[in-house]
Amino acid sequence: MADADQRVELPDAVRQLAQLPILTVVGTTRADGAVQMNPVWFEYRDGYIWLNSNTGRTWPKNVQRERGALLLLVDPKVPDRFAQIRCRLVETIPDPGHEQIDRLARRYTAHDFRALEPGEERITFQLEPLKVTGQEI
Amino acid sequence: MAVDLSPKMEAFTQEVFPAIIGTNRKDGSVEMVPVWFEQKDGSFWINGGTNRGWFKHLQRDPRITLLLLDPKDMFRWAQVEGKMVNWAEDPGGDHINQLSHRYLKHDYQNPRTGRIKVQIEPTRITGAIDGRR
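If you read the sequences in order, they're chains A and B. Everything in the first sequence is counted per the numbering used here, starting at 1 for the first residue and increasing by one. Everything in the second sequence is counted per the numbering used here, starting at 1 for the first residue and increasing by one.
Just so you know, the hints here were simulated from the structure itself, not pulled from any lab data. Treat the hints with care, as some may be off.
What the hints assert, rightly or not - In silico contact screen, one side only, chain B against chain A (beta carbon under 8 Å); selected entries:
| hint | residue |
| --- | --- |
| 1 | M1 |
| 2 | V3 |
| 3 | Q14 |
| 4 | V16 |
| 5 | P18 |
| 6 | I20 |
| 7 | P71 |
| 8 | E81 |
| 9 | N97 |
All values reported here derive from a predicted model rather than from experimental measurement. Backbone N, C-alpha and C define an ideal beta-carbon position, used for all residues, glycine too.
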């Protein structure tokens, strides 16, 4: 089965999950092919999924190398209910003024992100959902 | 080479929440799915039907990663990289029934036939529980 290559809208049930302040699990592969998974903050807005990271971590390097990622959303009340969203990386956007990570931090913690550490650089990923699969959703 | 669990990880893995497992599809892309698990004597055990995608992936590439994430506190998580070292039939469904008791505190309600149990040996542990990124 070939993966779609056009952006899809998230179905209503998945969209409702995406509104909750839950983490998404980002699945990528490292250079040696091993699966890497990280729980991260996210936002679904304007039809895209937005993530933000410190540039020093491994998972954003994987996302950039693979030009995409697999995201998992699990219903916090019903663990058997989950959605898997295959995404393509549209754009990597620098976040020098940390507005974007502040925006995400407010979604989860109701206040701005911590002060950046010396030398810390942040980037935002704009991800395009291409395919949504799942269970009981 | 297998790694030992720290005391903190030993305690964390006894808490009751599903693990998210990540395996490699044929084209190298990732698949993730939440599953029941248990950790015993340093190995992780999961259970499923032989027709599950993740089991097919593991037979081709035994590498598997488990993400353990406390559903009540998103800052408590661990990533366990490992590999399938063994699998066996689960005749009579004894193992899935044991997992059912761990998660639901009662007998497994679904058919107990055609299931397998998979042993995973951890090779690398990172995340917030041990404070290693």
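Against the structure, the hints come out as follows:
1. At a threshold of 8 Å, the smallest CB-CB gap from M1/B to chain A is about 15 Å, leaving the interface hint violated.
2. With a least beta-carbon distance of about 14 Å to chain A, the hint placing V3/B at the interface is violated under the 8 Å criterion.
3. Because the closest C-beta pair between Q14/B and chain A is about 17 Å apart, greater than 8 Å, the hint is violated.
4. Checking V16/B against chain A: minimum C-beta separation of about 10 Å lies over 8 Å; hint violated.
5. The beta carbon of P18/B comes within 5 Å of a beta carbon in chain A, closer than 8 Å, and the hint placing it at the interface holds.
6. Evaluation of the I20/B hint against chain A yields a held restraint, the C-beta minimum of about 6 Å falling below 8 Å.
7. A least Cβ separation of about 5 Å between P71/B and chain A falls short of the 8 Å threshold, and the interface hint therefore holds.
8. A cut of 8 Å between beta carbons decides the hint on E81/B: the least distance to chain A is about 6 Å, and the hint holds.
9. Restraint check, N97/B versus chain A: the minimum CB separation of about 18 Å is more than 8 Å; hint violated.
When the structure is compared with the earlier hints, violations turn up for hints 1, 2, 3, 4, 9 and for no others.
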